[in-house]
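Engineer: Given next are the chains, with one letter for each unit.
Protein chains: 2
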Amino acid sequence: MYRKVALDSLRTYLRERGFDVMIIPSNDCHFGEYVPGYFNVIKWLSGFSGSAGTLVVTQNSAALWTDSRYFIQAAFQIQGTDVKLMKIKMEETPSIFQWISSEYTEGCKIAIDGALVSYAEYCHFQKEVSPSKIIAIDDPFVELWRERPILKFDKIELHEEKFSGESVVTKHKQIIDRLKIKGDFAYLLSTCDDIMWLCNIRGNDIDYNPVALSYLVITNEKIFLFVAPGSLSPEASLYLSTQSVEIKKYDEITSFLKNLPESMIRIVFPEKISVKNYFAYCNSNTQVINDPTFGGTVSYLKSIKNRVEIEGFNRAFLEDGIAWCKLLKFIEDNIDSGLLNEYNVAKKLVEYRSRSIYYRGESFEPIIAFNKNGAAAHYSVDNEKNAAKITKNGFLLMDTGAHYPFGTTDTTRTISLSKLSQKQIDDYTLILKGMIQLSIAKFPKGTRGSQLDILARGPILGIGKMYFHGTGHGIGHYLCVHEGPQSIRMEYNPVNLIPGMVLSNEPAVYVEGEYGIRTENVLLVAPWYENDINSFYQFETLTLVPIDTTCVNKKLLGKECIDWLNVYHKNIYKTLSPHLSKFESKWLKKKTKSI
Amino acid sequence: MYRKVALDSLRTYLRERGFDVMIIPSNDCHFGEYVPGYFNVIKWLSGFSGSAGTLVVTQNSAALWTDSRYFIQAAFQIQGTDVKLMKIKMEETPSIFQWISSEYTEGCKIAIDGALVSYAEYCHFQKEVSPSKIIAIDDPFVELWRERPILKFDKIELHEEKFSGESVVTKHKQIIDRLKIKGDFAYLLSTCDDIMWLCNIRGNDIDYNPVALSYLVITNEKIFLFVAPGSLSPEASLYLSTQSVEIKKYDEITSFLKNLPESMIRIVFPEKISVKNYFAYCNSNTQVINDPTFGGTVSYLKSIKNRVEIEGFNRAFLEDGIAWCKLLKFIEDNIDSGLLNEYNVAKKLVEYRSRSIYYRGESFEPIIAFNKNGAAAHYSVDNEKNAAKITKNGFLLMDTGAHYPFGTTDTTRTISLSKLSQKQIDDYTLILKGMIQLSIAKFPKGTRGSQLDILARGPILGIGKMYFHGTGHGIGHYLCVHEGPQSIRMEYNPVNLIPGMVLSNEPAVYVEGEYGIRTENVLLVAPWYENDINSFYQFETLTLVPIDTTCVNKKLLGKECIDWLNVYHKNIYKTLSPHLSKFESKWLKKKTKSI
Numbered sequence: 001m002y003r004k005v006a007l008d009s010l011r012t013y014l015r016e017r018g019f020d021v022m023i024i025p026s027n028d029c030h031f032g033e034y035v036p037g038y039f040n041v042i043k044w045l046s047g048f049s050g051s052a053g054t055l056v057v058t059q060n061s062a063a064l065w066t067d068s069r070y071f072i073q074a075a076f077q078i079q080g081t082d083v084k085l086m087k088i089k090m091e092e093t094p095s096i097f098q099w100i101s102s103e104y105t106e107g108c109k110i111a112i113d114g115a116l117v118s119y120a121e122y123c124h125f126q127k128e129v130s131p132s133k134i135i136a137i138d139d140p141f142v143e144l145w146r147e148r149p150i151l152k153f154d155k156i157e158l159h160e161e162k163f164s165g166e167s168v169v170t171k172h173k174q175i176i177d178r179l180k181i182k183g184d185f186a187y188l189l190s191t192c193d194d195i196m197w198l199c200n201i202r203g204n205d206i207d208y209n210p211v212a213l214s215y216l217v218i219t220n221e222k223i224f225l226f227v228a229p230g231s232l233s234p235e236a237s238l239y240l241s242t243q244s245v246e247i248k249k250y251d252e253i254t255s256f257l258k259n260l261p262e263s264m265i266r267i268v269f270p271e272k273i274s275v276k277n278y279f280a281y282c283n284s285n286t287q288v289i290n291d292p293t294f295g296g297t298v299s300y301l302k303s304i305k306n307r308v309e310i311e312g313f314n315r316a317f318l319e320d321g322i323a324w325c326k327l328l329k330f331i332e333d334n335i336d337s338g339l340l341n342e343y344n345v346a347k348k349l350v351e352y353r354s355r356s357i358y359y360r361g362e363s364f365e366p367i368i369a370f371n372k373n374g375a376a377a378h379y380s381v382d383n384e385k386n387a388a389k390i391t392k393n394g395f396l397l398m399d400t401g402a403h404y405p406f407g408t409t410d411t412t413r414t415i416s417l418s419k420l421s422q423k424q425i426d427d428y429t430l431i432l433k434g435m436i437q438l439s440i441a442k443f444p445k446g447t448r449g450s451q452l453d454i455l456a457r458g459p460i461l462g463i464g465k466m467y468f469h470g471t472g473h474g475i476g477h478y479l480c481v482h483e484g485p486q487s488i489r490m491e492y493n494p495v496n497l498i499p500g501m502v503l504s505n506e507p508a509v510y511v512e513g514e515y516g517i518r519t520e521n522v523l524l525v526a527p528w529y530e531n532d533i534n535s536f537y538q539f540e541t542l543t544l545v546p547i548d549t550t551c552v553n554k555k556l557l558g559k560e561c562i563d564w565l566n567v568y569h570k571n572i573y574k575t576l577s578p579h580l581s582k583f584e585s586k587w588l589k590k591k592t593k594s595i
Numbered sequence: 001m002y003r004k005v006a007l008d009s010l011r012t013y014l015r016e017r018g019f020d021v022m023i024i025p026s027n028d029c030h031f032g033e034y035v036p037g038y039f040n041v042i043k044w045l046s047g048f049s050g051s052a053g054t055l056v057v058t059q060n061s062a063a064l065w066t067d068s069r070y071f072i073q074a075a076f077q078i079q080g081t082d083v084k085l086m087k088i089k090m091e092e093t094p095s096i097f098q099w100i101s102s103e104y105t106e107g108c109k110i111a112i113d114g115a116l117v118s119y120a121e122y123c124h125f126q127k128e129v130s131p132s133k134i135i136a137i138d139d140p141f142v143e144l145w146r147e148r149p150i151l152k153f154d155k156i157e158l159h160e161e162k163f164s165g166e167s168v169v170t171k172h173k174q175i176i177d178r179l180k181i182k183g184d185f186a187y188l189l190s191t192c193d194d195i196m197w198l199c200n201i202r203g204n205d206i207d208y209n210p211v212a213l214s215y216l217v218i219t220n221e222k223i224f225l226f227v228a229p230g231s232l233s234p235e236a237s238l239y240l241s242t243q244s245v246e247i248k249k250y251d252e253i254t255s256f257l258k259n260l261p262e263s264m265i266r267i268v269f270p271e272k273i274s275v276k277n278y279f280a281y282c283n284s285n286t287q288v289i290n291d292p293t294f295g296g297t298v299s300y301l302k303s304i305k306n307r308v309e310i311e312g313f314n315r316a317f318l319e320d321g322i323a324w325c326k327l328l329k330f331i332e333d334n335i336d337s338g339l340l341n342e343y344n345v346a347k348k349l350v351e352y353r354s355r356s357i358y359y360r361g362e363s364f365e366p367i368i369a370f371n372k373n374g375a376a377a378h379y380s381v382d383n384e385k386n387a388a389k390i391t392k393n394g395f396l397l398m399d400t401g402a403h404y405p406f407g408t409t410d411t412t413r414t415i416s417l418s419k420l421s422q423k424q425i426d427d428y429t430l431i432l433k434g435m436i437q438l439s440i441a442k443f444p445k446g447t448r449g450s451q452l453d454i455l456a457r458g459p460i461l462g463i464g465k466m467y468f469h470g471t472g473h474g475i476g477h478y479l480c481v482h483e484g485p486q487s488i489r490m491e492y493n494p495v496n497l498i499p500g501m502v503l504s505n506e507p508a509v510y511v512e513g514e515y516g517i518r519t520e521n522v523l524l525v526a527p528w529y530e531n532d533i534n535s536f537y538q539f540e541t542l543t544l545v546p547i548d549t550t551c552v553n554k555k556l557l558g559k560e561c562i563d564w565l566n567v568y569h570k571n572i573y574k575t576l577s578p579h580l581s582k583f584e585s586k587w588l589k590k591k592t593k594s595i
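Residue numbers (my numbering), protein chains in the order written: chain H, 1 to 595; chain C, 1 to 595.
In case anyone wonders, no lab produced these hints; they're calculated from the structure. Do not take every clue at face value.
No distinction is drawn between identical chains; accordingly, a pair holds when it is met within one copy or between any pair of copies.
What the hints assert, rightly or not - Listed next, the in silico DSSO-like pairs over lysine-lysine satisfying Cα-Cα at most 27 Å (straight line): (1) Lys182 x Lys222; (2) Lys590 x Lys348; (3) Lys182 x Lys348; (4) Lys423 x Lys347; (5) Lys180 x Lys89; (6) Lys559 x Lys423; (7) Lys445 x Lys87; (8) Lys180 x Lys127; (9) Lys182 x Lys127; (10) Lys593 x Lys559; (11) Lys445 x Lys89; (12) Lys180 x Lys43; (13) Lys182 x Lys133; (14) Lys89 x Lys326; (15) Lys582 x Lys276; (16) Lys372 x Lys180; (17) Lys445 x Lys423.
Could you put together the complete structure from these sequences and hints?
Structural biologist: So this is what it looks like as structure tokens:
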């Protein structure tokens, strides 16, 4: 009922201004994955709280497009509203414009918020929209949404070079060298994580992402950083003043862009600039960069971790491995108590992580999912009331990550809580086999992630099952847990895997109504071997969390993978046990025993 | 010396007409892989006889660009000329225009033969060439090359529907339906194999490819086929007259294109039309098709084999398997004689194949390569004098294929002739393992070949070796042994693998100066399993030739692959033995014994 009122208020607003439809993306004006509550209009209108979706509201109807990660969650959350669920990539699902034109066969007037739609999407819309028309408007929810959360601008801290491994000045120089632009240029960044990386700062404005809401413009001579006035810590201010960074006000970005000298070359990433800023910024001197393999962009440079960052990742996974061991032991010790549930297990991990003075928070909404809840790839509960009780029966899937100033983690473990069926054991084993097959891959320079995806996906495909998400995403260094441009997915991504890139490795299987299994380590791309003709790379596993071996079908796993698993566990024990109590250490010894 | 005279005659010809440079591609005006001797200008000028290369001749220099398949062969063949070898995809290799501009820093005038350069390549050249200029000229070698072979126009035979499985009329209809063009259109085909497929005819104008030199124009109403006058057999003529095919003269294609009604929509494949025909054909009503995944093209439709064609392939591999068994036994029986060499072994296989009344010739230049000769991926000898003697020592690599009216084959086997070193055994085993891993892959609808390549390439990559060619190419049905658009390679190819597609599976390893190992089967993409959410596919192996098991490291091969190999061999024995003599059958029993 509440959603209906919200939807209808939007419908009236649109109708009064001559619009029939509004397309509402889930992103904010910085195009990150997590958005401040302020921008969470889709949740307000439909109840859906997932991180990716597009809501389309017409005068008579509404529909939400989301991907397979959220099919189950979205169906649940939009129950009781008149919002239809549109499952992306399913054959029966119409595109947004197919659907709109089935409602408005004669065409209609469609509104978008010019600050939220990227220029690339806008161009795409323009191509598809005919005979309808699409028009950028200002945010209607300023007026409509009474209890709208406020935009939070928290303190911005210095991210010391002892963690980042490189000064702003050298990063700036590297960008200029790689861009190879002749003449004066401006390079606008709207993406907060890129800005944090370049400036060696971190913020706290968005859940799970240690970033500040900010814009940035790189020129040949200096860097202009747009942040909320007064938000920079004295250390950060001082540091930036030594690095040719000039501080500007967050709100002034659009007027700054408008007033850039006409002759300056504008560098544009059509997917990462809003329509609004595009029209303020771009003129005939615009140079569009569409190629994600181009090595001169901040996001590309950021994805290739330096020596200090890699050492930091190792430290982060050590800290995290310690906390995970404590948690796994805690679950084992307390499973009989009848007191464990999905919510308090998540809290317990936070408690263990917090024992490290370096812990800076969780890197995403933790997923602690018991049996059938594990079948929703991105399930999470935000309060104890909704949490399932964890009993000695089936699988517990746990996918959580943490931030440390020296790195970000992301680990999934699925543990068996009871004797399992052969089907469960085989599913578990095939997912583990896939995870290991990818971990041990050797590949030549020039290999793309999509070429390796089959190594992780192959074993479960072999029994006619599959997962609909990617196998691996890039991971930021004390930044966003999902980071581009690299990936390991079925979908084509032209970006080659380069030493220094960090990626997750998370094959999975979901049996709706029964259970989900996912096993996830984090991999570093590293040089392996070189000869006259070629360079070969391999992965180094960063994660240090024991894998449940009690539900492995050894025959199915195969010798090569068993050998890897035993070496992996040996290394975990060696690395973690010095940091554990005697009891914990003894427990870990048992958990990491060769199979 | 002879090459020098040829090169200098071209230099003089160019200079007299105001040109500095000529770029000479290896293709003919039909853009097939094999070209009639008439077009083999590169061989005349440089000695290089490989199937792919580009020769660039400047006033002072000359250079040949070719790919890894031909590095060794090209280096050998151009010895003694002033032609430099440019290895494609090696880091140190300049592009053609980088090289030209290093010779002519101020720019120069470059000639190309307008009938041989595709419009796509021409556009690409135009972008790269500045400050030089590129100009299309007529073939200079008509005048320069005294002993030039003549263009052969042989008989064109009917390819009966009992082999092709479909009439021209239904193929024509399918193209029209899939193209979905509104209004009258013309669709020019320059590629002879597409023309043969569409018209259910076969020719004999090009070595190894049963095609006739021809052009074709599809319109809404009928098909215009351009062939040499009098070349059609009475049966072919009669058949085509019942299928709305109008016969035109080969030489009249360009004038026919010029005189098409202005209003007709021109369908153009920029990579398969010469600059010359492009300018005769295209006007403002041109519709360019660049997307190889577009299902409305003849080459795409041709790649998905129908039921009759698939049954035919099975027959072809049966016939071929019988001949191969006889050959393998022959080699075993005669290896001690001291009389075997690379040339007479190739001839012997032709002899065995010829015993089938259906044999129509070899599908490519046979590769029979002893030890170090096997390290050149496309090695072949054209006379007994140059052929290496085959002795009881090391590896013999044999890669040959045949045409039958019901299908085309392509098989590689490497056999051990003596006790081998551990390195040789392991290399052999890893190649076999890769071949089998790809053979047993299961994959969802929507999978591209490049996603599966790692399955074949992975094992040999695991020891820091690799092959620089693709793992699999499409195979024509009594047509070209290399056929698109599908492939299994590292390089991105957007074409999905679709049931009915036929591909080779040929991982390899080459140790220069020592040996080459390649094991090649042919695979059919077939449906495997379907559920609510997805369709899954698998490969069916078509090839029926035993694989040498005497040099397998069983531990390295692994249980899954051993199981496959044993089932494969069992099936070969069951299928082939009824067609073999008692002695041959006994021999095959031994060769196909489980390991």
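Engineer: Now tell me if each hint is right for this structure.
Structural biologist: Cross-check of the supplied hints:
1. Lys182 x Lys222: For Lys182 and Lys222, the Cα distance is within 27 Å only inside one copy (16 Å; across copies 55 Å).
2. Lys590 x Lys348: within (22 Å within a copy, 64 Å between copies)
3. Lys182 x Lys348: neither (55 Å within a copy, 65 Å between copies)
4. Lys423 x Lys347: neither (31 Å within a copy, 55 Å between copies)
5. Lys180 x Lys89: between (39 Å within a copy, 24 Å between copies)
6. Lys559 x Lys423: For Lys559 and Lys423, the Cα distance is within 27 Å both inside one copy (21 Å) and across copies (21 Å).
7. Lys445 x Lys87: between (36 Å within a copy, 18 Å between copies)
8. Lys180 x Lys127: Only across copies: Lys180 and Lys127 sit 20 Å apart there, 32 Å inside one copy, limit 27 Å.
9. Lys182 x Lys127: Between copies only: 20 Å across chains, 33 Å inside a chain, cut-off 27 Å.
10. Lys593 x Lys559: both (16 Å within a copy, 25 Å between copies)
11. Lys445 x Lys89: Between copies, since 12 Å is at most 27 Å while 31 Å is not.
12. Lys180 x Lys43: For Lys180 and Lys43, the Cα distance exceeds 27 Å both inside one copy (43 Å) and across copies (42 Å).
13. Lys182 x Lys133: between (39 Å within a copy, 25 Å between copies)
14. Lys89 x Lys326: neither (40 Å within a copy, 51 Å between copies)
15. Lys582 x Lys276: neither (60 Å within a copy, 82 Å between copies)
16. Lys372 x Lys180: So Lys372 and Lys180 fail the 27 Å test inside a copy (53 Å) and across (46 Å) alike.
17. Lys445 x Lys423: between (38 Å within a copy, 24 Å between copies)
Violated hints, in rising order: 3, 4, 12, 14, 15 and 16; the structure is consistent with all others.
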